[in-house]
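Q: Could you put together the complete structure from these sequences and hints?
Protein sequences appear in the order of chains U and P.
Counted from 1, the first sequence has number 10 at position 10 by the UniProt record's numbering; the numbering is strictly sequential.
Counted from 1, the second sequence has number 431 at position 431 by the UniProt record's numbering; the numbering is strictly sequential.
In short, the hints are calculated from the structure, not lab data.
There could be a bad hint or two in this list.
Computed Cβ-Cβ distance ranges for the label pairs, DEER-style [claimed, not checked]: (1) U:I173 with P:S314: 40 to 48 Å; (2) U:R199 with P:W249: 42 to 50 Å; (3) P:T218 with U:E287: 47 to 55 Å; (4) P:G250 with U:F215: 51 to 59 Å; (5) P:E411 with U:R199: 53 to 61 Å; (6) P:D116 with U:F61: 38 to 46 Å; (7) U:T104 with P:W249: 54 to 62 Å; (8) P:E152 with U:W141: 28 to 36 Å.
Chain P is nowhere near these chain U residues, computed Cβ spacing over 12 Å in every case [what the hints assert, rightly or not]: (9) A21; (10) E42; (11) V52; (12) V98; (13) V170; (14) F174; (15) S177; (16) K187; (17) T212; (18) L278.
Small disclaimer: the values here were computed from a predicted structure and weren't measured.
Ideal Cβ positions, reconstructed from N, Cα and C, are used throughout, including at glycine.
Here is what each chain is made of, one letter per residue.
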Amino acid sequence: MKRAAFNHRLLPVALLVPQIAIIAIFFYWPAWTAIQSSFYLEDPFGFGSTFVGTDNYTRLFASSEYLKVAQFTILFTVIITVFALGAALLLAVKADKVLRGARTYRTLLMWVYAIAPPVAGFIGVMLFDQNIGPMTDLFNWLGHDYRLGLNYMDTAFAMTITSIWIQIPVNFIFFLSGLQSIPQSVKEAAMIDNASPTRRFWETTFPLLAPTAFFLLIINITYALFDTFGVIDTIVYGNPASNPMTLVYKVFVDGFRGNDIGGSSAQSVVLMLLVLGLTIFQFRMLERRIHYT
Amino acid sequence: MSMKTLLAATALTSALAVPAFAQTEIEFWHAMGGSLGDTVNQIATDFNASQDEVQITPVFKGTYEEALTSGIAAFRAGEQPNILQVFDAGAATVIGARGAVVPVETLLTDAGADFDIEDYIAGVRYFYADADGTMIGMPFNSSTPVMYYNVEALETAGVTAPVTWEEFQTVTAPALAEAGYIPMTQSHMPWIFTENFFSRHNLQFATANNGYDGTDVTINMDSPELMAHWAAFKSWVDQGYAGFYGAAWGDNATPFEQGEVAMWLGSSGSFGGLQQTADFEFSATYLPYWEGVTSEPTQTFIGGAALFAMSGHSDEENAATAAFFEYLTSPEVQFMWHQQTGYVPVTEAAYELAKSEGHYEEFPAAEIGIQQLQLPAGEWTRGYRMGFYVQIRDVMNREYTRFLQGDVELEDAFATIKTEADELLARFAQTQGG
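A: Spelled out as C-alpha cells, the structure:
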C-alpha cells in the first residue's frame, strides 16, 4: 500500500480544520447545549431556569404517551425499512431483466424521487382526504369507514404508505446499480451450476448485493426515524390530536409548539443515544458479516 | 438656473428629506394569513400614509404557534420586533415572562395617550390583563364562539335555532336528522366545548381565580357538568345528531360550508370567510347552554390574539408603537377590521360606529359575537391564564378524539387530561421560578 505523506506538518491540520469546524459548530455545540438544558426547566424567554436534575428524563419514561410514541416509532421504522427495501429490490431485480425500453421503464420508477417530502405528504393527504380522497372512497367501498386524522390506525396507514412510496425510488436506484455491477461471468457460472432462479438469487446475487443492502439499511432506518418529518407534518399539521407521530416529531411539537425547552432537550438526548446505539450495533454486528469485493 | 429656483429646490428637498430622517421604524410580527393578512397590510399602509413620523412594517410569521416561537427566539437573540401578535393559548407564556413585554397600559400612558380600560368591550377587557387588572396585551383580533346555521335547513326541518342543549337534543337535532342533515358540528373542542363551556355556565375552570392569581394552578377537568356535556356530545355523534370529522378547524367547517351540516359552532371571526365560501343563506345565534346547569347563562370570553409591545426598545420606538396602537383602536379602523374580517370591534366606540353605520341591519349575524360578549358577566367569565396551555390543548384534543372514537372511556379520558394538564401546569410554575 502506498503511503501518502505531506511535506508540511501543518498542511493536514489546515485541511482538516474546515470539516472539524463544521462538525463542532453544527453538531458538538448544539448537542452539548441540548444535554445541558435537558437538566433544567427554563422559561421560554430565557428569564429564569431551574435546575431539576434528571426530572425531565424520569418524566419522559413515566409518561405512557411518550412510550406510546416510542413504540410507534420503532414499528413505523421497521415497517418502512422492510417494505421500502423489499419493494425496491423486487422492482430492481425485475427491471434488471427488462431488455426492451429499459431506460424509460427505469426513469419512470425513479421519478418519485424528485418529489420533495412535504409535497409527497400533501399528495398523500389528498389521496386519503375525508371529503375528496380516492383512497377514502376505495376503503368505504370495501366497507371500512376510513377517517384520516381521526382514526389512529387510518392515519398511521396513510403516513406509512406515503413514506414508503417516497423512499422506494432511492432504494431502487442503488439496488439496480448494485445488480448491474455483478459480473456477467459470475451470473453465467451460477446458471451452469444451478437451475432454480430463486436459489440463484439467494446464493449468488444477494450476497454480492449485501454491501449495497447494508448501506441502504442504514439509510432507510435514518430516513424513517428523521426524514419522514415532512410527511408527518403535512398529515398532522397544526393538530397532533390523537394522531400517531414519531419521536422526532414529538421533539418538535414539545419544543417548538409547546415551548418546553427542558423537556424537548431531554427527548433529543434520548434520540441521540438511540441513534448512537443503533449505529454501533449496525457496524459491530452486521458489517462483519458482509463481504466487500 | 436662477437663484430662486435653486433655493426653492433646496427647500423642497430638505422638506422631503427631514421627515424621512426623523422617521421611526417599527416592526410588527403577526400570524394573519390569507385575506386577514391583506387586511393587516392595508391597516399598516393606511397608518403609514396617515402620518410621517412612524413607519410600520408588518411581517407574516406563519401560524400562531410559529409566530410565538419566532418571537421567543428573536427575543433570546436580542432581535425582537416591536410588536408581536400572541394568541390566547400563548398569553400565559408571554405575560408570565415579566421582562419580555411592556404592558400596553404603561406604553400608552407613557406616550401621553388617553387610556381607559372601560373603553373596551366587557368580554374583551380583562382577558389579556394581569391579576391587578392592568392591560398587558392589546386585544386585536378578538372573536368568540357562536353557532351558525343554514337557514334553509332549519326551515325544511321546521325548527328554529336551539337556545339550550336540551332543546337541541329533544327537538332540533331529531328534526334535522329526519330532514337528512347532520344536525351539528363544532370546530374547536378546547375553545368551544371546554373553555367557553365554563364561561357560558359561569363555572370555575381552574384554581387560583382561573389561573390569573398565580402559577400554582390546577385545572377543573373533573367538573361533572363538563363531563356530562361530553357524554351527551358523544351520544349525539353516535346517534347521528352531531358530526365529528377531526380535531382540525377546517375538518368540521367544510361539511357545513358544503351544506351537509345544518348548524356549526365556529368563531364570530369566521363570518367574513363564510360569506365567501357558503353559497346558501346563513345566520348565527348564541352558543347554546344547558338549562339543567344554569338558568342564567353568562357571557363567553374571547379567543383570537393580542398585540404585545416587546421590551428592549428605545423610548422613541415605544412611542411609535403606542401611536400605532392608538390608530389601531380608533373607531374607524376597528370598524373596518370588524367589517372585513368578522372579528369583533374591541372598543365600545367602534361598536357604536358599526351600529350607526347600519352594519348589523345588513348583516344581523355579524352582531351575534359582540352581543354574546356583552351578556351578563359572572365570576368566571373573564377568561383563564394557564402556562404550557398549547400543550394542554393538545392533550385535550388527543383525549377527546380518543373518547369520541370509542378508544377510551369518559372517566379515563378526563382523568388523563387532568393528570397531564396539572403536571404541565406544575412544570410551568417551575419555569417561572415558582
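Q: Is the Cβ of L278 of chain U more than 12 Å away from each Cβ in chain P?
A: Answer for L278 of chain U: holds, closest chain P Cβ roughly 28 Å.
Q: Closest CB-CB distance from F174 of chain U to chain P, is it above 12 Å?
A: With a cut-off of 12 Å, F174 of chain U remains clear of chain P, as the shortest Cβ separation is near 36 Å.
Q: Can we trust that S177 of chain U is non-interface, i.e. its beta-carbon lies farther than 12 Å from all of chain P?
A: 41 Å, holds
Q: Is the claim that K187 of chain U lies outside the interface with chain P correct, judged by CB distances over 12 Å?
A: 53 Å, holds
Q: Grab the minimum beta-carbon distance between A21 of chain U and chain P and tell me whether it stays above 12 Å.
A: A21 of chain U clear of chain P: closest Cβ-Cβ about 21 Å, beyond 12 Å.
Q: Taking 42 to 50 Å as the hint, is the beta-carbon distance of R199 of chain U and W249 of chain P inside that range?
A: 58 Å, violated
Q: Using the beta carbons of E152 of chain P and W141 of chain U, state whether their distance is inside 28 to 36 Å or not.
A: 31 Å, holds
Q: Quick one: are T104 of chain U and W249 of chain P within 54 to 62 Å, going by C-beta?
A: 45 Å, violated
Q: Test the statement that E42 of chain U is away from the interface with chain P: the closest C-beta pair must be farther apart than 12 Å.
A: 6 Å, violated
Q: Going by Cβ atoms, does V98 of chain U stay more than 12 Å from chain P at every point?
A: For V98 of chain U, whose nearest Cβ neighbour in chain P is about 44 Å away, the distance exceeds 12 Å, so it holds.
Q: Quick one: work out the minimum CB distance from V170 of chain U to chain P and report holds if it exceeds 12 Å, violated otherwise.
A: 30 Å, holds
Q: When you take the CB atoms of G250 of chain P and F215 of chain U, is the distance between them in 51 to 59 Å?
A: Violated, since G250 of chain P and F215 of chain U (Cβ atoms, about 42 Å apart) do not stay within the stated range.
Hints 1, 2, 4, 6, 7, 10, 11 from the earlier list are contradicted by this structure; the remaining hints agree with it.
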